[in-house]
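Peer 1: Between the sequences and the hints, there should be enough to build the whole structure, so can you do that?
Same order as they appear, the protein sequences are chains D and A.
Residue numbers for the first sequence follow this note's numbering, beginning at 1 and rising by one.
Residue numbers for the second sequence follow this note's numbering, beginning at 1 and rising by one.
Note that these hints are calculated values from the structure, not bench results.
There could be a bad hint or two in this list.
[As the list claims (entries may be wrong)] Pulled a few chain A residues facing chain D out of the computed Cβ check, cut under 8 Å:
1. 14
2. 16
3. 90
4. 136
5. 182
6. 196
7. 224
8. 227
9. 229
10. 308
11. 322
12. 336
Beta carbons: idealized from backbone N, C-alpha and C, even for Gly.
Protein chains: 2
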Amino acid sequence: MPELRYDPLQHRWVIISTERAARPSDLHASTKYNSVKACPFCEGFESSTPPEIWSIREPNTSPNSPGWKVRIVPNKFPALKIEAGGKKFGIGLYDMIEGVGAHEVIIETPKHDLSLPDLPPEQVKWVLLAYRERLRDLYKDTRFKYVLIFKNHGMSAGASLAHPHSQLIATPIVPRNINIKLQTAKSHYEKKERCLICDLIQQEISTNTRVVSIENGFVAFAPYASRFPFELFVAPVEHNYSFVEVSDDELERFAHFLKNILYRLKQVLNDPPYNFVLNTSPNIEAKPKFSDQWVTIKYDYHWHIEVIPRLVRIAGFEWGSGFYINPSIPEEAAKYLRDMKSE
Amino acid sequence: MPELRYDPLQHRWVIISTERAARPSDLHASTKYNSVKACPFCEGFESSTPPEIWSIREPNTSPNSPGWKVRIVPNKFPALKIEAGGKKFGIGLYDMIEGVGAHEVIIETPKHDLSLPDLPPEQVKWVLLAYRERLRDLYKDTRFKYVLIFKNHGMSAGASLAHPHSQLIATPIVPRNINIKLQTAKSHYEKKERCLICDLIQQEISTNTRVVSIENGFVAFAPYASRFPFELFVAPVEHNYSFVEVSDDELERFAHFLKNILYRLKQVLNDPPYNFVLNTSPNIEAKPKFSDQWVTIKYDYHWHIEVIPRLVRIAGFEWGSGFYINPSIPEEAAKYLRDMKSE
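Peer 2: The structure is reproduced here in structure tokens:
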């Protein structure tokens, strides 16, 4: 069983993946996509994946057969599994939770070669709908405190298969960077009774030097202290703490918006490898009973997506310190993207 | 002038490097060492670098000429410079400090092809001596709150030149990961009047499943919650808050120890790319006057080195969440390294 282990110096949880444990000879930073005879994510190869969990399909087609638009399957090599686990242990100064969670793959399209900016807006909407529905479903399970939805596009961004897909990992803990944001947002709210991310968005809109696009109720800007060249912060302008609460109409508007942003990145940076990560509310049903965490979360948190193009190598300085050197000026990055004619 | 910008959501400082600002076409994760006709770090090519700051040399040789053992020069493309800067600004919700600092390269040997584990212990001692002397010197400048010393070995670990070297960056702020450790260590000390890292070391020694080596007053172990395969934590067994305080005798013993640890990594993992980062005390002379930070730092902090082999790709999950999946079991990694016969 995998273990969730806590680093008491860094306040950081790590999944130690015991089942796929690697010998020294297995470890080498791969420079190629996994070689597969036929892509398991393509239409017609449904039997190459574990049975599907959720899909959008044409009427009268059966699960695990062709006819789908978006298809969600368990990761074949899951970092965490849904069965058993969850027991908590203290081991001297350390903490451990027996691995429990979910690790799923969201196959974004039956087409092997079309990535999000190339897809019709309706298809992008289905992907976003899939995110929301999986969040809603997994948050019914109070063993899971967080569901992290993320996308690795391109091999150097960590994708091991080229076919467009995102992933989700449900965990019994809240990941560190999310936790830091939650605490910061809460303490801002306690002082000001305002959402920090609403405040940041308003400052960006009024400064108007880092905004890439503001349209249909959404905004994308290059963060003031961007860690990486062409990093973007994408969020609804109006306050909303959770992606679970996004309406169908908003999903449709957001699909257009996100597609447009990713299209700009693709054009300006020549289809760069990138990651994006959905930062949404943790599962408030899983809140510890006698804690004051998350009590104002509906007011103090604001869902957003971080988009991180992977254009520079990360060296020891960054790993060891959590401190970054960005060779690109956010205001200039925003201008390149803003000036790009959209499709 | 470069800017230090603060991310109010993540409590993270970022250097925005305005002078070497990159256009989109300049940005691509390089897969080759910088091509240089002759290595600027080799003996005989001293004029290819900026003038040296510090060196250990044979008697009667002049600066910037052959005859050196270890040589320190300014980075040719510094992230921060020592002149001017340092003014602090608030910009709405953001904070900015005009870039000031130092960025130096420690050339570890005149020989192009010998890395730390291949060098004679005396040469490794000179490198460590260089670290200590630069720390002592730079900490006289109270504009600098921290000096981060780190090494990138191998191209995929971020080295842009093959010749063995380390780097240091002096900054007017304390980097985030160091700050988190300082706060954790302080709060442990407040409760228990004991150093957290001393406690961790004692637990590791008595558990004895993750220790790679304990010798000459130093210990190396695979951290319980290692983020990366074969990650190592290297520290003196006896309490010492700062590398500045390491005696000549300790430097000599540590040189043997570090060389041996890096030799084990090299043998077991076939000369892997790696980073190491020295985590030492911040510059207590630069402590803000009316703050209680660092007041017990001589008792609560404990210098150490984090060694991170770069064997796996880092994907969106890790970037977005600060949460890691380690495909290798720390106890097993420690056993591989422990069982390796040393030279």
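Peer 1: Does each hint fit the structure? Answer for all of them.
Peer 2: Results for each hint:
Satisfaction of the interface hint for residue 14/A is found here, the shortest Cβ-Cβ separation to chain D being roughly 4 Å, below the 8 Å cut-off. Interface restraint check for residue 16/A: the shortest CB-CB distance to chain D comes to about 5 Å, inside 8 Å, so the restraint holds. Against a cut-off of 8 Å between C-beta atoms, the interface hint on residue 90/A is violated, since the closest Cβ of chain D lies about 12 Å away. Hint on residue 136/A is violated. Least Cβ distance to chain D is approximately 20 Å, over the 8 Å limit.
The interface hint given for residue 182/A is broken, as the beta carbon of that residue sits about 10 Å from the closest beta carbon of chain D, more than 8 Å. Hint status for residue 196/A: holds, given a least beta-carbon distance of 7 Å to chain D, under 8 Å. The closest approach between the C-beta of residue 224/A and any C-beta of chain D is roughly 5 Å, which is under the 8 Å cut-off, so the hint is satisfied. Below 8 Å, beta-carbon pairs count as interface contacts, and residue 227/A has one with chain D at about 6 Å; its hint therefore holds.
Proximity of residue 229/A to chain D holds as hinted, the smallest CB-CB distance being about 5 Å (cut-off 8 Å). Interface hint status for residue 308/A: upheld, as the beta-carbon distance to the closest one in chain D is roughly 6 Å, under 8 Å. Evaluation of the residue 322/A hint against chain D yields a held restraint, the C-beta minimum of about 4 Å falling below 8 Å. A hinted interface residue such as residue 336/A counts as satisfied when its beta carbon comes closer than 8 Å to some beta carbon of chain D; here the least separation is about 6 Å, so the hint holds.
When each numbered hint is compared with the structure, violations occur for hints 3, 4 and 5.
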